[in-house]
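**Student:** Use these hints to put chain B onto chain A, whose structure you have.
Listed below are the residues making up each chain.
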Amino acid sequence: MSGEFSDDLRQAYVVAKNELVKYVRGKKIILVGLLLLLVWGLITALPVLFNGSMTAKDHFAYYVSFVSLLVVIIVAMFASGAISSEYEERTALVVFTRPIKKWPIFIGKLFSALILGIAAMALYYLMSIVAVFAYTQELPPNILLSLAFAILYVFAATGVAMMFSSLVKKSGTSAILTFFFLF
Amino acid sequence: MSNGYPIEIHGLRKAYGSFVAVDDLNLNIEKNSFTGFLGPNGAGKSTTLKILTNLTKASGGNALINGIDVNANPKEALRGTGTVVETPEFYSYLTPAETFRYIGEIIGMSSESIKTQTDEILEEVKMTEWKDNRIGTFSKGMKQRIAIGQSLLDNPSVIILDEPTSGLDPRGTAEMRQILKGIRNGKRDLTVLMSSHMLYEVSDLCDRVAMINHGKLLLHDELEKVMFSSGRKVVLKTVGSIDEAVSKLKGLSNISDVTVLGKEITVRLDGDREAQAQLMKEVVSMNIGIYSLAQSGNTLEDRYLDIIKESR
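Quick note, the sequences are listed as chains A and B, same order. Throughout the first sequence, residue numbering follows the numbering used here, covering 1 to 183 in sequence. Throughout the second sequence, residue numbering follows the numbering used here, covering 1001 to 1312 in sequence.
One chain only, chain A, in its complex shape (with noise of 0.2 angstroms):
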């Protein structure tokens, strides 16, 4: 059994390296990287535009605010569709017929939707802290506290998209259901 156990992990592994070529290689990451720069130069330019003062802790918190709107677009974006893009694009014929239970698939594609979700959250805060210390002179309170209320938040977002992916079999309608129930 544990064998068995072993063997189911190391798929989930197998399934979740290949989840994660997928974004490297697909156009949504390009979007990721385009939103947070948007995010992140606007909330960087406006003080400096408008010439306002700001303590390192306000600042922060600009960065910190849309850190929600983020993860819901993030999630949307790339694990909503992870099962129902199988069946959608009948890749499913393929890998479900093969020697392989349900769930090391499902957890494969969770874990590298994670994996995405935290990488672009601890993406967004160094570029948050870094602007944040380069304005202030000073590094921002609770930054690691901030992350992991983050990092939480990717956790759930991404298990309701997931959710969604399995249930219904248009990745579209997937994003759609996430986004809204998570907005």
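Some hints here could point you the wrong way.
[As the list claims (entries may be wrong)] Below, a list of computed lysine to aspartate or glutamate pairs in the DMTMM-like style, where the Cα atoms sit at most 20 angstroms apart:
| id | chain 1 | residue 1 | chain 2 | residue 2 |
| --- | --- | --- | --- | --- |
| 1 | B | K1143 | A | E89 |
| 2 | A | K102 | B | D1069 |
| 3 | A | K170 | A | E88 |
| 4 | A | K101 | B | D1154 |
| 5 | B | K1248 | B | E1282 |
| 6 | B | K1075 | A | D7 |
| 7 | B | K1263 | B | E1244 |
| 8 | A | K101 | B | E1076 |
| 9 | B | K1237 | B | E1264 |
| 10 | B | K1075 | A | E4 |
| 11 | B | K1075 | A | D8 |
| 12 | B | K1140 | A | E88 |
| 13 | B | K1263 | B | D1243 |
| 14 | B | K1225 | B | D1207 |
| 15 | B | K1187 | B | E1030 |
| 16 | B | K1281 | B | D1270 |
| 17 | A | K102 | B | E1105 |
| 18 | A | K17 | B | E1098 |
| 19 | A | K102 | B | E1076 |
| 20 | A | K101 | B | D1069 |
| 21 | B | K1140 | A | E89 |
| 22 | B | K1031 | B | E1076 |
| 23 | A | K170 | B | E1089 |
| 24 | B | K1181 | B | E1120 |
| 25 | B | K1181 | B | E1030 |
| 26 | A | K102 | B | E1089 |
| 27 | B | K1131 | B | E1098 |
| 28 | B | K1216 | B | E1030 |
| 29 | A | K169 | B | E1086 |
| 30 | A | K169 | B | E1089 |
| 31 | B | K1143 | B | E1089 |
| 32 | A | K101 | B | E1105 |
| 33 | B | K1143 | A | E88 |
Hints listed in this document are in silico derivations from the structure and should not be mistaken for laboratory results.
**Tutor:** Only chain B this time, still in chain A's reference frame:
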């Protein structure tokens, strides 16, 4: 439960509400056979193959691959089974080599084995040239060759093909048939179950046929027996007198029916290949100007239509 057949179906049933797609189906597929699985649209072929490939669950009965119940233990049952269900799609961002690596890793093949087999199989399905191109740019025919190729990974003992030439153009169909012939004639110890609507393809590739309608098995036998159970239809063409040829042909012992259409004479021959060889010898010795003697190409189609008609 298992009788040593690579594929065993016992009392299989699949119902969608009140509609019964597969109704108490019993079928055992012989080892090392290439079995054509025939039936009209909605007969239950695809549903049966989807149950065998774990894409849907049976409502009752058992489907076993190598003695393992697919419903109860799909992972073990599908180990050593290659599948091509309908016209599958592949991840457009992967190349054929990467696709084979992904599937090979899922199956649990070693890296070395994946690499070796990828090269061999891509050669076999004539896709070596496109090994490192992304599948997103491929035609339907090329994707279907990849589909056949991936089903051969890890030397499966059973391959299940659901209409592998469906939707392909004539050239793609011919190429696919050549590939399937190569697989059939190759060194592999393989049992193939293939559903198809292309009766010519089935008579060209398969050595056994199973026919179903309304989810029930109508017939399962050797192709030759099915095709010629009511005699062989042989078409003769003559440059001589039709009347003289017909008169002489009617005098032959194995001929049961002689019909004329234009310059073609169709005879029903009772007997096997030897009887056909004997007929050939006799018509030459009759000196009635026969310049062509060929088996009617519609034999399986005729039998199929008869059997399906009877089952209605």
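**Student:** All the hints need checking, so say for each whether the structure fits it.
**Tutor:** Now for the hints, and whether the structure bears them out:
Among the hinted pairs, K1143(B) with E89(A) is consistent with the structure: their alpha-carbon atoms are about 13 angstroms apart, no more than 20 angstroms. Proposed proximity of K102(A) and D1069(B) is supported: the alpha carbons are some 17 angstroms apart, at most 20 angstroms. At roughly 6 angstroms between alpha-carbon atoms, K170(A) and E88(A) fall within 20 angstroms of each other, so this suggested pair holds. With a C-alpha separation of about 19 angstroms, the suggested pairing of K101(A) with D1154(B) holds against the 20 angstroms cut-off.
For the hint pairing K1248(B) with E1282(B), the CA-to-CA distance comes to about 10 angstroms; that is within 20 angstroms, so the pair holds. Among the hinted pairs, K1075(B) with D7(A) is consistent with the structure: their alpha-carbon atoms are about 11 angstroms apart, no more than 20 angstroms. Our distance criterion of 20 angstroms between C-alpha atoms is met by K1263(B) and E1244(B), whose separation comes to about 13 angstroms. With a CA separation close to 10 angstroms, the supplied pair K101(A) and E1076(B) stays within the 20 angstroms bound.
Among the hinted pairs, K1237(B) with E1264(B) is consistent with the structure: their alpha-carbon atoms are about 5 angstroms apart, no more than 20 angstroms. For a cut-off of 20 angstroms, the pair hint linking K1075(B) to E4(A) stands: about 10 angstroms separates their Cα positions. The hinted pair formed by K1075(B) and D8(A) meets the criterion: a straight-line CA distance of about 10 angstroms does not exceed 20 angstroms. Taken as a hint, the K1140(B) and E88(A) pair is honoured in the structure, with Cα atoms around 17 angstroms apart against an allowance of 20 angstroms.
About 11 angstroms separates the Cα atoms of K1263(B) and D1243(B), which keeps this hinted pair within 20 angstroms; it holds. With a C-alpha separation of about 10 angstroms, the suggested pair K1225(B) and D1207(B) falls inside the 20 angstroms cut-off, and the hint holds. Between K1187(B) and E1030(B), the direct Cα distance comes to roughly 18 angstroms. Compliance with the 20 angstroms bound is thereby established for this hinted pair. Between K1281(B) and D1270(B) the alpha-carbon distance is near 16 angstroms, which keeps this suggested pair within the 20 angstroms criterion.
For the hint pairing K102(A) with E1105(B), the CA-to-CA distance comes to about 16 angstroms; that is within 20 angstroms, so the pair holds. Annotation: proposed proximity of K17(A) to E1098(B) holds, straight-line Cα distance about 12 angstroms (limit 20 angstroms). Taking the CA atoms of K102(A) and E1076(B), the gap is about 14 angstroms. The hint holds against a cut of 20 angstroms. The hinted pair formed by K101(A) and D1069(B) meets the criterion: a straight-line CA distance of about 15 angstroms does not exceed 20 angstroms.
For the proposed pair K1140(B) and E89(A), the alpha carbon gap of about 14 angstroms is at most 20 angstroms, so the pair holds. Using a Cα cut-off of 20 angstroms, the hinted pair K1031(B) and E1076(B) holds, with the two alpha carbons roughly 19 angstroms apart. With a C-alpha separation of about 16 angstroms, the suggested pair K170(A) and E1089(B) falls inside the 20 angstroms cut-off, and the hint holds. Distance check on the hinted pair: K1181(B) and E1120(B) sit about 16 angstroms apart at the alpha-carbon level, within 20 angstroms; holds.
This hinted pair checks out: K1181(B) and E1030(B) have alpha carbons roughly 18 angstroms apart, not beyond 20 angstroms. For the hint pairing K102(A) with E1089(B), the CA-to-CA distance comes to about 19 angstroms; that is within 20 angstroms, so the pair holds. A threshold of 20 angstroms between alpha carbons decides the hint, and for K1131(B) with E1098(B) the separation of about 9 angstroms falls inside it, so the pair holds. For the hint linking K1216(B) to E1030(B), the alpha-carbon distance of about 19 angstroms falls within 20 angstroms, and the restraint holds.
A C-alpha spacing of about 18 angstroms is found between K169(A) and E1086(B), which places the hinted pair at or below 20 angstroms, so the restraint holds. A hinted pair counts as satisfied when its Cα atoms are at most 20 angstroms apart, and K169(A) with E1089(B) qualifies at roughly 15 angstroms. For the hint linking K1143(B) to E1089(B), the alpha-carbon distance of about 7 angstroms falls within 20 angstroms, and the restraint holds. The hinted pair formed by K101(A) and E1105(B) meets the criterion: a straight-line CA distance of about 14 angstroms does not exceed 20 angstroms.
The suggested pairing of K1143(B) with E88(A) holds, with an alpha-carbon distance near 17 angstroms, which does not exceed 20 angstroms.
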